[in-house]
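Undergrad: This is what each chain is made of:
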Amino acid sequence: MTQYKDSTIKNDIKKAQKVGDWKYLSPEIDAKKCIGCGNCISFCPEAAIKIRQNIHPEKNKNSKGIASVDMDWCKGCGVCAVECPTHAITMKKVN
Amino acid sequence: MNQELTKKLAPGHTTCAGCGIPVIVRTILGATKDPVIVSNATGCLEVTTTIYPYTAWKIPYIHSAFENAAATISGVEAAQKALLKKAKLKKSAKGGSAFGGKAKLVVFGGDGGTYDIGLQSLSGALERGHEFLYVCYDNGGYMNTGGQRSGGTPLGANTETEPAGLDSFGKSRNRKDLMEIVKSHGIKYLAQANVAYPNDLAMKAKKALETKGPSFLLVLQPCTNLWKFPTSRYVRLGRLATETNFWPLYEIEKGNYVINYVNKNPKKVEEFLKEQGRFKHLFEEKNKKVIKEIQKSVNGNWKKLVEMSGSK
Amino acid sequence: MTNKIYKVKAMTGGTAAAEFLRQAEPDVMAVYPITPQTPIVETFAKMKANGKVLTEIIQVESEHSAMSAAIGASAGGVRSVTATSSQGLALMHEMLYIASGLRLPVFMYVSARALSAPINIHGEHGDVMGSRDAGWIQIFSENAQEVYDNSFIAMKLSERVKIPAMVIMDGFHTSHTVERMNVQDDKTTKKFLGDYKPEKSLFDFKDPTSFGFLALQNSYFDFKIEQAEAFKEALAEYKKITSEFKITFGKSYDYFEKYKLEGAEYAIVIAGSASGTAKEAVDKLRSQGKKVGLLKIKLFRPFPYDNLAQALKSMKGIAVLDRAISLGAYPPIYSDVVNALRSADCGLPVSSYIYGLGGSDILQDEIENVFEDLIKWKFSKEIKYLK
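Chains as they are written, first to last, in this note's numbering: chain B, 630 to 724; chain A, 62 to 373; chain E, 803 to 1189.
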């Protein structure tokens, strides 16, 4: 019987291109300044940012959490840095 | 990656760094809990999300050609009707059905695939009244092929096929009023939105997806690559578009116009144009009249919109 | 056990097609009007309006959208059909390749008609020949009975090998001409066709699928080879399905029809409604003791090169009559026949004739003259026009 195994494809993240390798600028988040507003999360084209728990409440009273970038998928566009209201994100040249 | 946001569209697509199209897609798909099937016209979104062997789509998806995303979804909608009929028959016969609930049908097409080559099939699908949401992500040109002009390109823009030069100031005509074209089909809900205003977009997506029959969203998507601005600024550009009234946010619900965002002191359209390389030539002395023309047209359109909405 | 339950009805090719669709009851049909396909869709639409079928009919706004909608529905895992002719087939041309590349068993009737310009609404094979590279199964029909019977075979074959299929009838000559034919009973028809059980569907939400991806230089070639392999399979499966057809309905069909080829020295190869006239010519010449015969093309794509060569290799000479013109080259069936014979190392002479373009008549004595040319050993490299 005909194998049309490949006329369609299914999502398999292992097959994705490593778009994280594109960047020459990488976002660095200053945990002390982040207020966990989620702006960067809303506007990141790659959905590479999520909130992680604030594990240093003594450094930052923000209880919402701190933004954290997944470097595998971040293309280094810099939108997060521009949209952050507290300028907690800076784009640094990748080594 | 953000698990919540990537339930329907995964990362790893090859959109340009700083492209807002995925944000539009995720916002709209996130506006419903029902299963969704996507039909996509050839273009930026389609090419970047489905390069063999990878697909970023975690929901059922079909791309067939450039001009027929709406015709394709018409077939899917008919298939759904047929399956629901069969399930009903099976249910009554055996007490169980293989096919579950009703899926939402969403079409994504760029301005090229909607204003121009896709206009006929969109018009046909709207006229037939299929239940689907058509989302046009409008970046003002055929961007996937390198920035050629489309029927959605604004006046004065420099594009590859209608370039600015010694004898030309770029696009010589205004873009089509796609909202009015779609509205004239008598559909219950359509809205103009902007990727830079995701909450407003989400509200509109929800309303559109709950509409019985066809619905339409025209969403501005500033293109960092071909509008020529830094990769980090699509949100800024989007905001400027609305703050200058170049791209008002409004809805047309059952024929009634509702403006969602009123600028008390709208910025001059120059503020929007000067940020983009594609309008750089308009700031030469000989082309300044075009900026005046654009401002006039923006003012005129806003005035018309205000009149239609019955507000002051 | 042959099934002898059938009704005798007076039908045209168009109404016979509609009758098959009534029995097959596809889930979705996309319709756009074009002469001479209209009787098919109009008859079926009336059936729907009178509650005889539950098919969802989409009245699309162009033939391109008709094929697009049929593709969307087929990807949704349901049986989907459409019908067209000429300009409509030409307009949906890119979508034919796409239906094939997406491996969707879309089913279509083509009431074959000439292509513009000049515009002509009458029967010939120019339109379907223009689509012969698009990756569709193509089966020609001589008359309304064959339109009906071919539909069973085409639909079943298409679903089995995941290749879209078109059943071809001559515009007006077959689509609009009434003849007496046998119609099978609904129950056996439905049993023969079975339920369409696709492996993948847009309505599978547990294991979602993306249809229509981009394949770069490193993979496109392989997908085409995969399609080519499927066409080889289709050639084999066609035989199996015609056997199943014989078992169920008692009628034998093959890749082509051999008419009085036994002991023939000269043969004509022809497709479509003019085959009937050609058979009359064969009968008349045979009654005069002339050793002539006819091979009528049915399955055109995939083309049965080997079998055709076997059937014709014992001839002294052949004429191929094409009802289509391939400007700047030899016509389609002629080209495939010559290929078949040369591949089988047969050097027998083959002449090319073109007839019936734009619906022009072909008369019995014209075909008799073709045979006379063969018998007189008047072969030619030049294409001859019968008009």
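No lab work stands behind these hints: they were computed from the structure.
The C-beta atom is built at its ideal place from N, Cα and C for all residues, glycine as well.
A couple of the hints might just be wrong.
The calculated label-pair distances, taken between Cβ atoms and stated as ranges, are [what the hints assert, rightly or not]: (1) E:809 with A:245: 46 to 52 Å; (2) A:95 with E:989: 44 to 50 Å; (3) A:324 with B:657: 31 to 37 Å; (4) A:184 with E:980: 37 to 43 Å; (5) E:982 with B:639: 50 to 56 Å; (6) E:1189 with A:226: 53 to 59 Å; (7) A:149 with B:660: 38 to 44 Å; (8) E:918 with A:274: 22 to 28 Å; (9) B:701 with A:360: 43 to 49 Å; (10) B:660 with A:234: 48 to 54 Å.
Dumping the calculated DSS-like pairs for lysine-lysine here, alpha-carbon to alpha-carbon at most 25 Å [as the list claims (entries may be wrong)]: (11) B:643 with E:1008; (12) A:289 with B:652; (13) A:163 with A:119; (14) A:146 with E:1048; (15) A:341 with A:357; (16) B:639 with A:68; (17) A:149 with E:989; (18) A:149 with B:643; (19) E:1008 with A:149.
Here are a few chain E residues that sit away from chain B, every Cβ distance over 12 Å (derived from the structure) [said to hold, decoys possible]: (20) 848; (21) 923; (22) 1011.
Undergrad: It remains to establish, for every hint, whether it holds in the given structure.
TA: Hint check results:
1. E:809 with A:245: 46 to 52 Å: 50 Å, holds
2. A:95 with E:989: 44 to 50 Å: 38 Å, violated
3. A:324 with B:657: 31 to 37 Å: 35 Å, holds
4. A:184 with E:980: 37 to 43 Å: 39 Å Cβ-Cβ, so the 37 to 43 Å window holds.
5. E:982 with B:639: 50 to 56 Å: 52 Å, holds
6. E:1189 with A:226: 53 to 59 Å: Check passed, 55 Å falls within 53 to 59 Å.
7. A:149 with B:660: 38 to 44 Å: 56 Å, violated
8. E:918 with A:274: 22 to 28 Å: 37 Å, violated
9. B:701 with A:360: 43 to 49 Å: Taking Cβ atoms as reference, residue 701 of chain B and residue 360 of chain A lie about 47 Å apart, which means the hint holds.
10. B:660 with A:234: 48 to 54 Å: Roughly 52 Å apart at Cβ, these two residues keep to the hinted range, so it holds.
11. B:643 with E:1008: 19 Å, holds
12. A:289 with B:652: Answer holds: residue 289 of chain A to residue 652 of chain B is near 18 Å, not above 25 Å.
13. A:163 with A:119: At roughly 18 Å apart (the allowed maximum being 25 Å), residue 119 of chain A and residue 163 of chain A satisfy the hint.
14. A:146 with E:1048: 34 Å, violated
15. A:341 with A:357: 19 Å, holds
16. B:639 with A:68: 14 Å, holds
17. A:149 with E:989: Since the Cα atoms of residue 149 of chain A and residue 989 of chain E sit roughly 22 Å apart, the hinted pair holds (cutoff 25 Å).
18. A:149 with B:643: Status violated; Cα separation ~40 Å.
19. E:1008 with A:149: 21 Å, holds
20. 848: Label holds. Min Cβ-Cβ 36 Å, cutoff 12 Å.
21. 923: Since the minimum Cβ distance to chain B is about 36 Å, residue 923 of chain E lies beyond 12 Å and the statement holds.
22. 1011: Label violated. Min Cβ-Cβ 5 Å, cutoff 12 Å.
Hints 2, 7, 8, 14, 18 and 22 from the list above are not met by this structure, while the remaining hints are.
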